[in-house]
Amino acid sequence: MPTLRTIADGLRSLFRKRRVDTELDEELRGFLEMAVEEKMKQGASRKEALRAVRLEHGNLEAAKQVVRDARWETFLGTCWQDVRCGLRMFRKNPGFTAVAVLTLTLGIGVNCAIFTVVNAVLLQPLPYPDSQHLVLVQRQFPDGRYPATSSTKFLFWREHARGFEAMAGYTFASSGVNLTGAGEPERLHSLRVSGDFFRTLGVQLFLGRGFTDDEDRPGGPNTVVLSHDLWRRDFHGDSRIVGRTIRLGGQLCTVVGVAPANFTFTPAADLWTPLRAQPNPQDQTNVYRVLGRLRPEVGYARADQYVRAAGEEFRQQHADLMNDTETVSIRGYRDAVVGDVRPALLILFGAVGFVLLIACANLGNLLLSRFTVRRKEMAVRLALGASRLRLTRQLLIESTLLGITGGGMGLATAAAALPLLLRLTPDSLPRLGEVRLDWHVWTFAFVAALITGILFGLAPAMQGAKTGLGEALHESIRGASASRGATRLQRLLVIGEVGLSVVLLVGAGLLVQTFWRLQHESPGFDPRRVLTAQMTLDNQRYNKTAAVAQLEDQALARLESLPGVEVAATVSNLPFDFGPDMNFAIEENPSGGDPSGSTEWRAISPHYLQVMHITLLRGRNFTDRDNVSGAPVVLINQALAERFFPGQNPLGQHITIGVGAEAVGLADRTREIVGIVGNTKEFSLSRPAPETFFVPAAQVQDGMTAITNRLIPMVWVVRTSGEPHMLAKAVQRELLTVTSQEAPDNFRSMEDVLSASIGQQRFNMLLLAMFAGLAVVLGAVGLYGVLANLVAQRTNEIGIRMALGANRREVLRLVVRNGMRMTFAGLSLGIVAALGLTRLLVGLLFGVKPTDAFTFASVVTLLCGVALLACYIPARRATRVDPIEALRCE
Amino acid sequence: MADKQSDLVQGTLDMLILKTLDLEPMHGYGISARIEQMSKGVFRVNAGSLFVAFQRLQRAGLIKGEWKATENSRRAKYYVLTEQGRKRLNNETREWGRQVAAIARILQAS
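If you're matching them up, the sequences are chains R and X in order.
When you line the first sequence up against our numbering, it's residues 1 to 890, in that order.
When you line the second sequence up against our numbering, it's residues 1 to 110, in that order.
Check each hint, because a few of them may be wrong.
Quick list of in silico lysine-lysine cross-link-like pairs, BS3-like style, CA-CA up to 27 Å [to be verified]:
# : chain 1 : residue 1 : chain 2 : residue 2
1 : R       : K41       : X       : K40
2 : X       : K68       : R       : K17
3 : X       : K87       : X       : K64
Just a sample of chain X residues kept apart from chain R, beta carbon distances all over 12 Å, derived [to be verified]:
# : residue
4 : K19
5 : L23
6 : M38
7 : V80
8 : L89
9 : G97
Keep in mind the hints are simulated off the structure, nothing from the lab.
Values in this document were obtained by computation on a predicted structure and should not be read as measured data.
Every residue gets a Cβ at the ideal spot worked out from N, C-alpha and C, and that includes glycine.
Same shape as in the complex, but just chain R (with noise of 0.2 Å):
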């Protein structure tokens, strides 16, 4: 292979450089000598023969040379020898290669850490085999999708879609177990999930099996796979441990597999119990998720025709359970476990790259600015012989030496800020457990670096091949001063760092607005001094309302007896956790109601508007005596009472819930309104308030209190005089007294709930406000830079200015005015830029305009503040000009 000996040949000069050198040396010696002879041989004198062979040939040292360019590895040794030279330039200047190395390892440092979040976040498949098959099953409505799905559809689905290779249930919440029979209960997170889940999947147990057919019918033998931490914390590692059993909520059963370690599935859980989904066309609690693996040669377009085409035969055979508009899709599972987080996580990556550009800027500036006190090294250099394209590589060579330096730092300062920027990450973001540096990373940081280091070497590179030998060499007597290029490219440097900090700054200013605006957001109740705390009920006892309004009584009596609490309570899921909906008919009104069953649904004790200070505008709140055996009773919130009852007393009127359910346990009583209240935020801070209804939890039907234990945990609230958390003791101790087979859990202040509510606001806005913070820093940098490199060049023309009669303000304003004019042309097109781009975040925002007026000022302002600081100090110097000094140095 020509290739390789050539390449062979090549390291060999490298490499033994002096003896490939000496050998050509003696060969072309040779080659004269010969010649030499040859010519005297003919009759001339020894000295008339040498002059001939140099005539004929040439000055051998120049063939030598002819022959060393003519190797590739000659090309090699130079750049060496450039970046030897440049490492010795960067000796010699250390403020300056600090200022750069510096400006790089932050403005690489953030774009890896962000990119590291990305990457696994949003780029890595998700960790089962062959993920691009999975896909979500789901009930498609003209205003969007709807992931839950009743057990008859899922099991028709599941029978009739073609291209599918596996279809699996799981319940989308739920409430959890109690593990008891070592000490103390402790609260499990569980996963109901169908026979074939792991299957679909494509995870390969790490103990024992998935769950058989037999497993997942209804009355089927209890089976439990336990995840690869709860074997590990609770079995210590036993790996005998499948085929005993252990007690779960009251009921053995038995263990048939242990997942593998690094298995993760969302909803988290500690273990996942059979599904046992049946058909029942009665049953049109919409509970299950469907996930399903395609065929590998079935795409996503074919597989939207089969469930499309399944959802229709389904129309077909139960006309009654489908509405007209409901049709079935797939969605991606990446997509659907990523998607929500997509665009905030890409407006960050993408605020990142700015502050990469701005740092870009400041240091091509900054190599200008020395490239201009070079200006005589390089004209004396090409006037030595150096060709134009090797200045360029030398000078792209130092720029990139720069680059990687800084990429390799910025890496470090990456793997180090990370586990800072996971704390700060809230937990709703997905797949933060995959989070890690891997070499996705580190191509990432190294082609950053690069493409870093030959952007902002390219401006001064390019002046560089332009420089004049004459002009420069000239100049460079006078006292250098930059060429005009040079600093127009230095001044539109400037104006892009400001534009883009404008873009950077106006952006985060609407996010802190945003976040500030939802901190400031009343709730609807007051989440001071409440603490809060979960409990599974799946003691089978506890399907009865009776079983479990006992246990109610009994605990709160205890609670309240505690020193600290002022009144406690009990509510069926709090303000923005998840929580049932419902349908309802007006018995006054049999036109009126919610036939759509989007009315939220809470049970609650009689003190729980005392506990969260929720207002009662009118009627009674509920008592003691609105028991089991008391006349229903139902209270109402204000956004329901304007919906359904508008203009008129809703007082005394009777609503019924959960019309058409009969069948499965969820028809309720009739019920007379006997209170409205204020209203509550339930979603979301950012979301209005959602019609409600509340009711006794001791007058709850039997069906809906069985169905909410297995979905949703109860809650616990409790008013402190005093820290809530400091309670949380106390009351773990007495709820555990009297259930003591089920332990509360999720101590969790109602402040906590409500900060950790808008925990991705909070993320945004943190990481925006720092990124734009770094470009404003590195844009008043560079724009002190810029000046100050003028001042110092123009040192002559204000001497003369000065000597002439011009006075200190004048020579101030004539720098401020430079410095402003530049920064007036960046807050132009910056604010048009952000105009146009802050459009991108307007799915991140509440409460404020993209175009908020308000913070485009505030911007504004703050930039104008701190360019005219950049401004003032080098100003300031350039008044110190002595004008004798300066004419001095003519």
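Mind docking chain X on chain R? Use the hints.
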């Protein structure tokens, strides 16, 4: 004229070197002298071009160099045609013949 070699068509120097070495292994000066002599002084090859060509041909694996004593018992690097080099020479000679004939036909056509 030493400049004559600039009239050499690009790539023909390589062919001439290969042809020279086809007769017998030879050192740099020998090759240069032989080319000059065979072309009756039309081609004179500058040492720089010659040695760059040696380096190129060596790296392409067409010739090999080895240090030997000359007839004047001086040490010199002799270049030898490799099997690959011989093949290349045959190909190029044939190709050259075809091209020259074609060009000649064109030039005589008028």
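Going down the list of hints, with the structure as the test:
{"no.": "1", "hint": "R:K41 to X:K40", "verdict": "holds (19 Å)"}
{"no.": "2", "hint": "X:K68 to R:K17", "verdict": "holds (22 Å)"}
{"no.": "3", "hint": "X:K87 to X:K64", "verdict": "holds (15 Å)"}
{"no.": "4", "hint": "K19", "verdict": "holds (20 Å)"}
{"no.": "5", "hint": "L23", "verdict": "holds (18 Å)"}
{"no.": "6", "hint": "M38", "verdict": "holds (16 Å)"}
{"no.": "7", "hint": "V80", "verdict": "holds (15 Å)"}
{"no.": "8", "hint": "L89", "verdict": "holds (16 Å)"}
{"no.": "9", "hint": "G97", "verdict": "holds (25 Å)"}
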